[in-house]
Every structure is written in structure tokens, then in C-alpha cells.
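Using the sequences and the hints, build the whole thing.
Protein chains in written order, with numbering that gives the first Met the number 0: chain A, 0 to 131; chain B, 0 to 592.
I should point out that these hints are in silico values taken from the structure, not numbers from a laboratory. There is no bait here: all hints are sound.
Among the chain A residues that face chain B by a calculated CB cut under 8 angstroms, a handful are: (1) 44; (2) 105; (3) 107.
A few chain A positions that, by computed beta-carbon distances, are all more than 10 angstroms from chain B: (4) 22; (5) 24; (6) 74; (7) 75; (8) 77; (9) 82; (10) 84; (11) 116; (12) 118; (13) 129.
C-beta: ideal position from N, C-alpha, C; glycine also.
So the chains spell out like this:
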Amino acid sequence: MSHDDEIFLAVVGPESAMKDIEKISIAGVEIDPPQPMDAMVDAVDAPLGPDQIQLILMHATVVLKFGVAAAQFGLVTAQFAGELKKLLTQTEAHEKPRIVIVDAKTSAPVMEITEDTDAEKAGEAIKNATRT
Amino acid sequence: MIPILQFDPATLTLWYDTQLLASSRAGREVGLALHHAIDGREDWLKCLVREQRDPWVRTRCATVASAVWHEKRHFLDFLLTNYGAMRVRQFFQCYINTRTFLGKVAENGPVLLPLDRNLSSGRCRAMGVSFTDPDLKRIAEGIRDFKSAMLDDRRPLVSRGLPFEVGGEAMLEGIAYHVQIGKAHRVFGADVSAAIQRDNLEQETVAEKYKWVYTLFVQKGLMKFDYIEGEGDTPQLNIHDGPLIPVLYAALAGRYYKQKQTRTVYASSALPPERLISLIAYFDEHKIDLTELSTLQAWEAANAACKQMFGRSVIEEIDADYEKEAERIAYYRETGIDEFVTSAYEDFHGLRGRLIQVLKDDPAAVLDQAHWSDRLVNKTRPFVVAAAPAGVIGVPPDGFERLSGVAEKDVDFDKAPDFRWWWTVIRTEGDAEHDEKVYRLGRRDMWSQIISDFAPIAKLMIDGNRMRSMVGPELVSTKTRIERQTGVKLIMDSLSRYPEENLDIAEWYFLTGNTRFRCQVTHEVVHAPHGKIIGPWEFRRRPAFLEALFHALSGSMQERMRQAYWRDWSPWLVSDEVYALFKLAKLTHEDIG
Numbered sequence: 000m001s002h003d004d005e006i007f008l009a010v011v012g013p014e015s016a017m018k019d020i021e022k023i024s025i026a027g028v029e030i031d032p033p034q035p036m037d038a039m040v041d042a043v044d045a046p047l048g049p050d051q052i053q054l055i056l057m058h059a060t061v062v063l064k065f066g067v068a069a070a071q072f073g074l075v076t077a078q079f080a081g082e083l084k085k086l087l088t089q090t091e092a093h094e095k096p097r098i099v100i101v102d103a104k105t106s107a108p109v110m111e112i113t114e115d116t117d118a119e120k121a122g123e124a125i126k127n128a129t130r131t
Numbered sequence: 000m001i002p003i004l005q006f007d008p009a010t011l012t013l014w015y016d017t018q019l020l021a022s023s024r025a026g027r028e029v030g031l032a033l034h035h036a037i038d039g040r041e042d043w044l045k046c047l048v049r050e051q052r053d054p055w056v057r058t059r060c061a062t063v064a065s066a067v068w069h070e071k072r073h074f075l076d077f078l079l080t081n082y083g084a085m086r087v088r089q090f091f092q093c094y095i096n097t098r099t100f101l102g103k104v105a106e107n108g109p110v111l112l113p114l115d116r117n118l119s120s121g122r123c124r125a126m127g128v129s130f131t132d133p134d135l136k137r138i139a140e141g142i143r144d145f146k147s148a149m150l151d152d153r154r155p156l157v158s159r160g161l162p163f164e165v166g167g168e169a170m171l172e173g174i175a176y177h178v179q180i181g182k183a184h185r186v187f188g189a190d191v192s193a194a195i196q197r198d199n200l201e202q203e204t205v206a207e208k209y210k211w212v213y214t215l216f217v218q219k220g221l222m223k224f225d226y227i228e229g230e231g232d233t234p235q236l237n238i239h240d241g242p243l244i245p246v247l248y249a250a251l252a253g254r255y256y257k258q259k260q261t262r263t264v265y266a267s268s269a270l271p272p273e274r275l276i277s278l279i280a281y282f283d284e285h286k287i288d289l290t291e292l293s294t295l296q297a298w299e300a301a302n303a304a305c306k307q308m309f310g311r312s313v314i315e316e317i318d319a320d321y322e323k324e325a326e327r328i329a330y331y332r333e334t335g336i337d338e339f340v341t342s343a344y345e346d347f348h349g350l351r352g353r354l355i356q357v358l359k360d361d362p363a364a365v366l367d368q369a370h371w372s373d374r375l376v377n378k379t380r381p382f383v384v385a386a387a388p389a390g391v392i393g394v395p396p397d398g399f400e401r402l403s404g405v406a407e408k409d410v411d412f413d414k415a416p417d418f419r420w421w422w423t424v425i426r427t428e429g430d431a432e433h434d435e436k437v438y439r440l441g442r443r444d445m446w447s448q449i450i451s452d453f454a455p456i457a458k459l460m461i462d463g464n465r466m467r468s469m470v471g472p473e474l475v476s477t478k479t480r481i482e483r484q485t486g487v488k489l490i491m492d493s494l495s496r497y498p499e500e501n502l503d504i505a506e507w508y509f510l511t512g513n514t515r516f517r518c519q520v521t522h523e524v525v526h527a528p529h530g531k532i533i534g535p536w537e538f539r540r541r542p543a544f545l546e547a548l549f550h551a552l553s554g555s556m557q558e559r560m561r562q563a564y565w566r567d568w569s570p571w572l573v574s575d576e577v578y579a580l581f582k583l584a585k586l587t588h589e590d591i592g
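Quick look at the structure:
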């Protein structure tokens with residue numbers, strides 16, 4: 000997950016929430032432009048299977064700079080989790096209001112942000128998951 | 000979902016899972032229905048359906064045949080419409096860049112797949128990749144740009160009061176479903192057609208994926224229904240469908256070659272949903288009632304509306320797109336970038352030209368579901384690929400040629416038959432130039448190479464392992480081949496290592512019509528609704544479970560199981576108890592390629 004003094008995460012969520020992720024401005028947090036998870040150009044199926052209208056998901060790579068003291072790092076992750084939670088207010092009614100944070104290198108789950116998430120606890124969970 | 004029959008825009012081919020069809024409770028009959036529909040043998044098909052006494056078999060034969068018509072319609076529309084041709088071009092852009100990609104990867108060193116992930120500096124740092132080659136960057140930017148265009152197209156129009164996807168692909172689905180049901184009605188009659196409509200997992204009369212067309216067209220006064228009382232338990236609907244395909248064809252005639260778009264407050268010539276909304280507003284504003292118009296009258300109205308709003312009729316937009324396509328091909332030919340791929344693109348372009356001429360000379364054959372049903376569908380002949388995800392030991396059956404599989408070197412297959420199998424084969428139909436009566440791509444040998452070599456590389460470049468495929472090894476073995484060829488490791492981005500499988504055993508019961516199966520681990524019989532289905536990727540992501548399986552066997556049985564693991568990419572059917580054990584095994588996030 001970490002590379003020298005950087006920690007790499009990937010954030011995945013509905014397009015309506017992710018479109019503004021780049022606007023999050025926190026010192027020590029670098030966010031790449033969001034990109035679609037899928038190309039949406041695969042084969043078209045015969046109409047025997049279940050309905051296939053799919054939610055459009057976007058992902059963005061987030062780099063957390065590691066060069067701060069542990070206490071401050073916890074504040075950064077909590078602030079970041081709080082900002083992600085704010086993005087969920089932009090989701091459309093048909094979308095699942097949920098943002099998933101995974102390890103950018105392996106996609107192992109780190110944390111899930113929902114409307115009920117406590118930002119401080121989420122920040123602590125991110126900190127613990129990334130510093131171990 | 001479990002794919003059983005698909006149209007692949009990357010290769011313009013119709014794919015079916017021959018092993019899944021064969022495992023249904025009437026595998027022979029369903030297989031015959033499929034091939035009768037592919038070959039246009041309607042009398043045989045009608046006879047086959049009529050003689051079935053079991054209602055499930057009767058309906059399923061008809062459903063599978065109608066699904067073939069559905070996919071044949073996709074073949075036509077992907078060739079004929081500007082939107083469809085743009086989708087095909089996305090893949091050709093990758094094909095034409097394949098040799099550059101292979102050459103430059105060898106110079107650049109390890110790169111991420113999908114290729115556009117390399118454009119994210121954070122991602123490259125995270126994955127330990129250095130992406131510096133300007134040609135690779137250009138290819139990656141092309142992929143990023145068309146993904147962005149697809150995103151614009153696929154975005155649901157909820158904010159405009161429509162809770163469904165109204166993009167180009169949704170329009171192609173709407174057309175294909177409409178003509179499929181119309182054709183089924185004409186061939187099999189009302190009862191069987193109604194049964195086909197309900198023959199889906201949800202048993203809905205019209206699935207959400209297709210319903211939007213009718214809802215939107217009726218809501219916006221573009222189409223109307225009459226209720227006819229007295230037949231059966233529910234009233235029958237008589238659809239005045241004249242405007243449906245003409246208006247959707249007008250919406251699909253966008254400008255995809257960076258031409259100047261026409262944009263006003265109420266109209267836009269660009270994306271299919273924008274064009275459709277522009278047309279709806281135009282007809283409303285000019286009090287043009289489409290509901291009573293015939294197909295040809297509606298086509299005339301749609302052409303006139305586009306001419307007025309965008310400066311070009313639908314036909315003129317298609318001609319302009321076709322001309323741009325010709326220029327693109329001429330450029331490829333002049334630069335000599337890849338003679339083989341250019342020839343395949345020329346073949347596509349040639350067939351597209353023939354079909355555009357049909358649209359001009361005889362628009363009803365394309366735009367009127369009844370005329371299409373009676374005169375065009377059986378002349379439409381995409382190449383057909385049979386997929387066997389579990390692998391079939393031996394050589395392909397007569398009438399098919401191998402596209403992918405394994406034949407170990409220096410092995411006497413008479414003594415060790417397990418060392419040779421196939422995953423995909425193509426039907427060996429004659430080349431099109433020998434049969435002018437059908438609409439088919441020209442040279443099968445050329446398209447075979449596109450299917451087996453170029454398309455899997457393009458799919459990896461575009462979507463990594465996430466692009467759904469009937470046969471997983473198509474992607475895995477291609478990646479290995481590139482790595483051997485270039486001597487460079489291709490790094491599958493962590494977000495694209497596996498496709499979304501989400502398989503449900505209820506779907507398997509529905510597709511096969513079976514009510515029980517034998518657990519593939521314990522061999523006990525499992526009855527519906529019990530049991531679980533494990534996707535081939537998911538299965539490989541729990542190596543501890545696999546090792547436990549191997550260790551439970553010994554000697555030649557263990558060796559056979561290891562071989563089956565390499566060969567068999569079909570889903571595993573297991574009991575609930577085995578599945579519970581499977582879930583206990585640790586999930587790996589590593590690349591299993």
C-alpha cells in the first residue's frame with residue numbers, strides 16, 4: 000500500500016458522487032482525475048438473462064503523503080473520510096450511496112463510506128489499515 | 000449474469016455457449032432451434048417448435064431462435080448506424096495500433112492494463128510503472144477519450160425526468176427487442192410470442208432494459224397502442240410502431256468524426272440521447288403527429304426534422320459518416336500502418352456500403368419490423384462462434400474451425416487425448432463473395448484472426464480482465480502470449496483483474512430448465528432452489544480451496560484435476576455446504592493471469 004513516504008488508495012463510487020472528488024483539497028492528499036471503472040463496450044447479451052442496466056462507477060487514485068506525525072495523519076484521514084461522505088449527498092436516487100476505499104495496489108478493501116459513516120472512526124480505520 | 004448468446008461488437012460475431020445450451024434439459028432441440036434461426040430455415044424452425052409437447056421446451060426453442068434474430072439485428076445496426084460504426088471503430092483503432100503497442104511495450108518496459116490507467120501518475124506510482132513512450136501515451140489517450148464518450152452516452156437521463164438509460168446502446172437494444180418480438184409473432188403466432196416475452200428470469204412481460212422505448216415514445220406522443228378486448232385473459236395490444244425505428248435511426252445518426260456539431264438551446268446533433276430529445280421537441284413544437292404515420296412517412300418526417308434542425312437529413316448524416324470512414328481507411332492504407340487490419344476494416348466498410356444502399360433503395364426493409372422480418376433478417380449472416388468455456392477435448396466438430404484452445408507439443412493424442420482441446424470455434428461458412436444474396440463480412444480467415452488475436456489484445460488494452468467474455472482464457476492466454484513475445488511484464492491494474500461475475504444459481508436453473516444438479520466437488524445431487532454457482536474467476540481467486548481439492552485426490556486423479564483447472568473455465572456448480580467451505584478460503588487480490 001505504501002511506497003516510501005506515500006500511501007496509495009483507490010476510491011470507487013457512483014459517478015454523481017465521484018465527479019467532484021478532485022475538488023477535495025486537503026494538505027498532504029493528492030487525487031487523480033476520476034475515470035470510469037468500465038469501458039462499457041463489451042458484448043451485448045441476448046434478452047434471456049436478468050436486467051443489465053448497470054450503475055456507472057468511477058474510480059480515482061488517492062495519494063496520502065505519509066510525512067506527518069501519526070496524530071496529524073489521523074486528522075488527515077478523518078478529514079478525507081468526511082469529505083467523501085459529503086460527496087454522497089450528490090448521488091441520484093437510483094444509485095447506491097456508497098463509496099468504497101481499497102488499497103490501490105491490490106484492491107483489498109480498506110473502508111466503506113456511507114451516509115451513516117462516522118468520519119472520525121472512518122479516518123481512524125483508514126489510518127490503521129494503511130499504517131499496518 | 001451467465002452469458003448464453005451474445006453479439007460481440009469487437010468482431011461483429013454472434014457467440015453462443017454451446018456447453019450451457021447442451022446442458023439444458025432439451026439441449027438437442029434448443030441447439031437445433033439456434034442453428035435453424037442462424038441459417039434462416041424458418042419452416043424447419045416452425046416445425047421444431049410446433050412438435051414440442053413440453054411447454055418449457057417449446058417456449059425455450061422459440062426464445063433462443065428469437066434471441067438469434069435479436070443479435071442479427073444488432074449486427075445490422077452496428078454496421079448501418081453512425082453510432083454502431085463508431086463503436087466498431089473504437090476496436091479498429093486498437094487493432095490498427097496493436098503492432099505499435101507490442102513494439103513500444105518492449106521498449107517502454109512494464110505497463111498497466113487497461114492502457115489508459117498509465118495516464119494517472121498516482122496509479123503508475125502505486126503500481127510501480129513508468130510510462131514514458133509517446134506512442135503508447137497516444138494510444139492510451141485514445142482509449143481514455145472513447146471511454147469518456149461512452150460515459151456521456153450511457154449516463155441515465157434521470158436529471159431530465161427520465162429514470163432510465165437512453166443512450167445509443169439502449170436504443171440499439173430497444174430496436175433489437177422490438178423486431179425480435181415482432182418476428183416471433185409472425186413466425187410462431189401470438190401465444191408463443193407472448194410466452195417468449197415472459198421467458199426471462201424475472202418473468203416480466205417487457206424487461207426494464209427495453210421498456211423505456213415504449214414508455215418514452217407513448218409518453219411523448221410518438222407512438223400509440225390500441226387495446227383489443229376479448230382474446231385471452233388480458234387485453235391484446237396493437238402497436239402502431241411505424242415511427243419507432245425511423246426516429247431511433249435518426250437519433251443514432253450522430254457526428255463522430257469531430258465534425259462541427261449543431262447546437263441550439265433546444266437541439267443538439269451530437270449524442271443519441273441529445274438527438275432523440277431534439278427530435279421529440281421538434282415534433283412537439285411543429286405539431287407533427289407521428290402516431291398515425293406509416294414507417295416510410297415517419298422516416299420522411301425524421302429526415303426532414305434533422306435537415307431542419309441540424310442541416311443534414313439522416314441519410315446525409317450517414318453518408319457523411321461513411322465518407323469520413325472511407326477517408327480514415329484511405330489514410331491507413333497510405334501510411335501502411337497495418338495492411339491486414341486495414342483490409343479487415345475495408346471489408347467492414349464494404350458491407351456497410353451495401354447496407355446503406357439497402358436503406359436508401361428499400362428503407363422499409365431496414366426500418367419496418369414486418370418487412371425486416373420477412374425480407375432481411377434471414378439474409379443477415381454474422382459469423383458465428385461457438386464457445387466451450389469448459390474446453391472440449393479433441394478436435395472441433397465438422398463445420399467448425401478452431402479459434403482458441405491448446406494442443407501440447409510432442410504428444411501422441413491417441414494415447415493422451417487430454418492434452419488437446421478447444422475453447423472457441425467458428426462456423427465454416429463460405430466467403431461472402433460467393434453468395435451475393437446474403438449480407439456477411441467477406442473473408443472468414445481474416446475475421447478468424449481478428450477474433451482470435453486482435454480482439455483479445457484490444458479488450459485487454461481497453462478494459463483489462465474486466466471486459467465480460469464467454470471464455471476467460473481468451474484474455475489470460477493472450478496476456479501470457481504478449482509477455483512471451485515482448486519479454487515485458489504486463490501489469491494488470493488491481494481494479495481490472497477480474498470481471499464482475501455476480502452469478503446466481505437461480506439463473507442457471509432458469510437457463511437450463513433443470514431442477515437439480517450434481518455437485519462438482521462431492522457428486523451429491525442438489526435440488527433447486529439450493530446450491531451455488533461459482534464463476535471461473537471467483538473460483539481461481541481462492542487458491543487455498545483449490546489446493547485442498549488437489550490434496551484430497553491422489554495420483555492420476557490429482558493430475559487430471561490440475562489439468563481440468565487449466566482447461567475448464569466454466570462456472571462450478573456446488574452444494575451449499577461446499578460453497579460455505581469455499582467462502583472460508585482466503586480471497587486473493589493478486590493477478591491470477
